[in-house]
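Protein sequences appear in the order of chains A and B. All the letters of the first sequence, read from the start, carry residue numbers 4 to 369 under the numbering used here. All the letters of the second sequence, read from the start, carry residue numbers -4 to 166 under the numbering used here.
These are calculated hints, taken from the structure and not from any lab test. All C-beta atoms in this analysis are idealised placements derived from N, C-alpha and C, irrespective of residue type, glycine included. Among the hints, a few may not be true.
Unchecked claim - Some residues of chain A that are not near chain B, with every Cβ distance over 10 Å (derived):
1) 139
2) 158
3) 159
4) 163
5) 186
6) 228
7) 237
8) 238
9) 266
10) 335
11) 341
Claimed, not checked - A few chain B residues facing chain A, derived, Cβ under 8 Å:
12) -2
13) -1
14) 19
15) 20
16) 29
17) 32
18) 129
Unchecked claim - Derived list of chain B stretches under chain A, where covered just means 3 residues or more per stretch with a C-beta under 8 Å from a C-beta of chain A:
19) 34 to 40
20) 43 to 54
21) 64 to 74
22) 80 to 92
23) 107 to 114
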Amino acid sequence: MSAESKRYTEHSRTDGLGWPPAWLSGRALTASLCLVSACTCSSSTTSSVQTDDNDRVAIQGGANPSVLAVDGRGRTKCLASELFEGTGIIDLNDRIESPTGCSTEIVAFSSDRAVELKAAPKWTHDPSNPVTLAVKPPVEVELRFYVPQGVPGVATEAQDEMDEATALYAMNRAGIAFKSLSTVAYSPAQAVLIGNGCGGGNAAGLAKAGASLYDPGVINVYYVSQINWSNYLFGYNCYLESIVVGGSNAIGENIIFLSLASRPPTTLAHELGHALGLRGKVGHTYGVPGFTNRNLMMSGISFNAQALQDHFSLGQGYRMSLDRLSWLNHARPSGAAPIRAGDNRPCQLTVAAATGDFCPPLALDQ
Amino acid sequence: MTGRATRRLVLLLAALGVAACEALQPAERATIDAWLGCIECDAHELDSVLALAGRKRNATVTALQDGLLEGPSPGQRQNLERQLDSSYQILVAYRGPNGAVVSQAEFVRRYRDNIIGTYRVRSAVALAHIGGPDVKPALDSAAADELRIAGDSLRPVDLDAVRFARDSIWQ
């Protein structure tokens, strides 16, 4: 199946070639020559014009439309994160030249498949032999919930919030689904061990509390009466805290606290974003150019300006799935293999694309 | 104009000027909102409110007293409920026709109560940190579950938090 592809944006890095300039290449050159000579010509072929060189990407395995972010050699410059959308075989028109001097990769985003990276694709320039990209089902991330004994309904609420998170990640083509295989109902005595937040060695204590209160192979979500006694936070991810698991140093990125009395329905989706690498300068998006109040990593929005928070950018989705910082892409604290197989990227903790950064700007989106 | 009238006019203009200076500008109101709505509150949101109170104490205290005793405005509550309705629809669409989902009313109530309760509790926390005799009446009133809107009341968990804040006032 073939589909009309659509180019949305062009983020370019100059590569020092400088010549010929874009306005003097391809169809622009043809049009200019036509104007000068008052000739009648089509834009199809002249000896000096490069036509569609048949760069196509065949998406295999996905039923829904995909958005491709493509890096590669353009006519006059390196193209970075140029976006195309389509289903089946997506035609990139004549955007990609031989991949010399520019890094090249293809990343596919879709609502029903994992984010898929094809590093260094071999462009064939042959319509009968497109670059293939097999997309797999969303990466499943296991959560384990801890809810207080004797408080009815919390386990159901946790399930609701997990499914809400999965739906939001799918809507935004983030390629990640959440599942929970077990829920622990903790006793009042265990509540003391769980505590009320990350700091003061609490996360480190949890990591040593034993299998009944912490599983190093999953993301542990603790529903507690309140977080940091006097501040009444909605939720917190302990990624800033050092923990020790099985004698190895780690960080508490897989420890999340949610407040029973304060959280809205999207706090779990937000805290999972931190677990998946949206941290520090690429964590919260308040005041970051390119983001609106709908973004799920926005915090502290005025009640007058609040909108439904239901959005992740493609740049955020890229990092959550492909950044080595993400929970998906590094070995578990227990030493077990990462959840996600395949290539990943060492993204820099900067919002804008930085020199040498493999990763697109955080705000990259359609 | 007599001398007395001139003096009155000058005093009136001075009073109006003071009131105008004291009123919160939109960016200053946003400072309070950032505290009332933050998720992890790790960007010094409360410190910023306290700094604002250092510059515009009366206006900041008034805004926080309103937040404690009234909660979000009716318009803000309507906006909040619209958002929660939309969140519910996302969950229903995800679960599909055969998926069991809590009722919409229950879903909205669950999270609306959380958000409004936290809005009030954080107002109380900020007032307690600001301290001084002028913040105590509002905290005492809320601690007795005496709010401005008829029929309005705090959840037990919020009442406990407000009482804790009231008992922690910086003198």
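Right, here's what the structure says about each hint:
1. 139: The claim holds: residue 139/A sits with its nearest Cβ about 20 Å from chain B, beyond 10 Å.
2. 158: Holds, since 12 Å exceeds 10 Å.
3. 159: Per Cβ check, residue 159/A is inside 10 Å of chain B; nearest 7 Å; violated.
4. 163: violated (6 Å)
5. 186: The claim stands: residue 186/A keeps its Cβ more than 10 Å from every Cβ of chain B (closest is about 16 Å).
6. 228: violated (7 Å)
7. 237: violated (5 Å)
8. 238: violated (6 Å)
9. 266: violated (6 Å)
10. 335: holds (24 Å)
11. 341: The assertion about residue 341/A holds, with a minimum of 26 Å to chain B.
12. -2: violated (47 Å)
13. -1: violated (44 Å)
14. 19: violated (12 Å)
15. 20: violated (13 Å)
16. 29: Status holds, d = 4 Å.
17. 32: holds (5 Å)
18. 129: violated (21 Å)
19. 34 to 40: n = 5 at 8 Å, threshold three: holds.
20. 43 to 54: violated (count 0)
21. 64 to 74: Holds: 5 residues of the stretch 64 to 74 of chain B have a Cβ under 8 Å from chain A.
22. 80 to 92: holds (count 7)
23. 107 to 114: holds (count 5)
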